[in-house]
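Each protein sequence line maps, in turn, to chains S and B. For any residue, its number in our numbering is found by taking its place in the first sequence, counting from 1, and adding 112. For any residue, its number in our numbering is found by taking its place in the second sequence, counting from 1, and adding 78.
These are calculated hints, taken from the structure and not from any lab test. Every residue gets a Cβ at the ideal spot worked out from N, C-alpha and C, and that includes glycine. There's no promise every hint is true.
To list a few chain S residues with every Cβ distance to chain B over 10 Å, as calculated [what the hints assert, rightly or not]:
(1) L114
(2) V115
(3) T117
(4) T120
(5) D121
(6) I124
(7) M125
(8) I126
(9) G127
(10) S129
(11) K131
(12) V134
(13) E136
(14) D140
(15) K143
(16) L172
Stretch by stretch, here's where chain S covers chain B in the computed footprint (C-beta under 8 Å, at least three residues) [stated by the list, open to error]:
(17) 101 to 107
(18) 183 to 194
Take a look at the letters that make up each chain.
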Amino acid sequence: MLVLTRKTDQAIMIGDSIKIVVVEIRGDQVKLGIEAPRDVAIYRREVYEDIQRENQRAALKKPINVEALDELLQQERSSEDSKKE
Amino acid sequence: MKLETAAFGLVEVKEHEVIHFTSGILGFPDFRRYVLLTQENTLFKFLQAVDDQELTFVLIMPELVRSSYSCRLSEEHAEELGLEHAEHAEVYCIVTIPDNLADMTVNLQAPVIINVKQRLAKQVVLMDSHYHTRHNVLEEMQQSAFEQKRESSYSDQPTRDAQSGV
Chain S
113 MLVLTRKTDQ AIMIGDSIKI VVVEIRGDQV KLGIEAPRDV AIYRREVYED
163 IQRENQRAAL KKPINVEALD ELLQQERSSE DSKKE
Chain B
79 MKLETAAFGL VEVKEHEVIH FTSGILGFPD FRRYVLLTQE NTLFKFLQAV
129 DDQELTFVLI MPELVRSSYS CRLSEEHAEE LGLEHAEHAE VYCIVTIPDN
179 LADMTVNLQA PVIINVKQRL AKQVVLMDSH YHTRHNVLEE MQQSAFEQKR
229 ESSYSDQPTR DAQSGV
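Next comes chain S alone, as it looks inside the complex (with noise of 0.2 Å):
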């Protein structure tokens, strides 16, 4: 890993078109503007993580019974029904 030491309002660029300013340091927080092209998401590490695992476990590895999938959703929704009346 790389590790820059930066000042309020210094920057680091990453390639070309990607740049990172340290807009404000107040304690031990840092407030960072990101400058990025569209196609590049930017994310805070831990909800990109938690995401991109979960799709990770989401993709589906083996086919999957869609009928029983439904059946379990029309009996939630079924039984809606009947609590209304």
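We have chain S; now place chain B onto it with these hints.
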């Protein structure tokens, strides 16, 4: 082209049906081309990668799970998807199906937004903390039904919208 899919077996897909993701599904950055598969008798849709027939995601409309679901797109994301009006967008959330089907969960925090007209799509991450990545589908549906019953006895209350962004 023909794809052997996990959801519906062998499927014929036309080029004009292909949806282009502006950036990939998070964790799958190299796959940008998908088709949306569905059939009449199911509430689920399937996001099938065109370039890897083994890559499939199960989708559901979030309001079927949580009736109060709503999200706002940032201007940048709306522009990225060529969306001028909300009606041009379809919103789906990815479902994780474990071995015990009844334990299926849905990721309400990172919906897939599709501009059907322009065949553009993106998975956006909502900043609002009351959505996370693993909502139990059947429990949510029960809870939604309960809340709908309760709210129908109160006057309209404002709902919070989850904003997309970082």
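Outcome of the hint check:
Every Cβ of chain B is farther than 10 Å from the Cβ of S:L114; the closest lies at roughly 22 Å, confirming the non-interface assignment. The beta carbon of S:V115 is kept farther than 10 Å from every beta carbon of chain B, the shortest such distance being approximately 23 Å. Separation of S:T117 from chain B is adequate, the least Cβ-Cβ distance of about 24 Å exceeding the 10 Å criterion. Chain B leaves S:T120 outside its interface by the beta-carbon criterion, the shortest separation being 21 Å against a cut-off of 10 Å.
Once the 10 Å rule is applied to beta carbons, S:D121 is consistent with being away from chain B; the minimum gap is 21 Å. With 10 Å as the threshold on Cβ separation, the claim that S:I124 sits away from chain B holds: the shortest Cβ distance comes to roughly 18 Å. For S:M125, the condition that its CB be more than 10 Å from all CB atoms of chain B holds, with the nearest at approximately 20 Å. Non-interface status of S:I126 relative to chain B is upheld: no Cβ of that chain comes within 10 Å, the nearest being about 16 Å off.
Look at S:G127: its CB is around 16 Å from the nearest CB on chain B, clear of 10 Å, so calling it non-interface holds up. Its beta-carbon lying about 14 Å from the closest one in chain B, S:S129 satisfies the requirement of being farther than 10 Å from that chain. The Cβ of S:K131 sits about 16 Å from the closest Cβ of chain B, beyond the 10 Å cut-off, so the non-interface label holds. Consistency note on S:V134: stated as away from chain B, and its beta-carbon is indeed over 10 Å from all of that chain's, at 17 Å minimum.
At roughly 17 Å from the closest C-beta of chain B, the C-beta of S:E136 stays outside 10 Å, upholding its exclusion from the interface. For S:D140, the condition that its CB be more than 10 Å from all CB atoms of chain B holds, with the nearest at approximately 20 Å. Non-interface status of S:K143 relative to chain B is upheld: no Cβ of that chain comes within 10 Å, the nearest being about 13 Å off. Not every CB of chain B is more than 10 Å from the CB of S:L172 (nearest about 4 Å), against its label as outside the interface.
Requiring three or more residues with a Cβ within less than 8 Å of a Cβ of chain S, the coverage given for the region 101 to 107 of chain B holds, as 5 such residues are present. Given as covered by chain S, the region 183 to 194 of chain B passes the check, having 3 residues with a CB less than 8 Å from a CB of that chain where 3 are the minimum.
Against the hints set out earlier in the document, a violation occurs for number 16 only.
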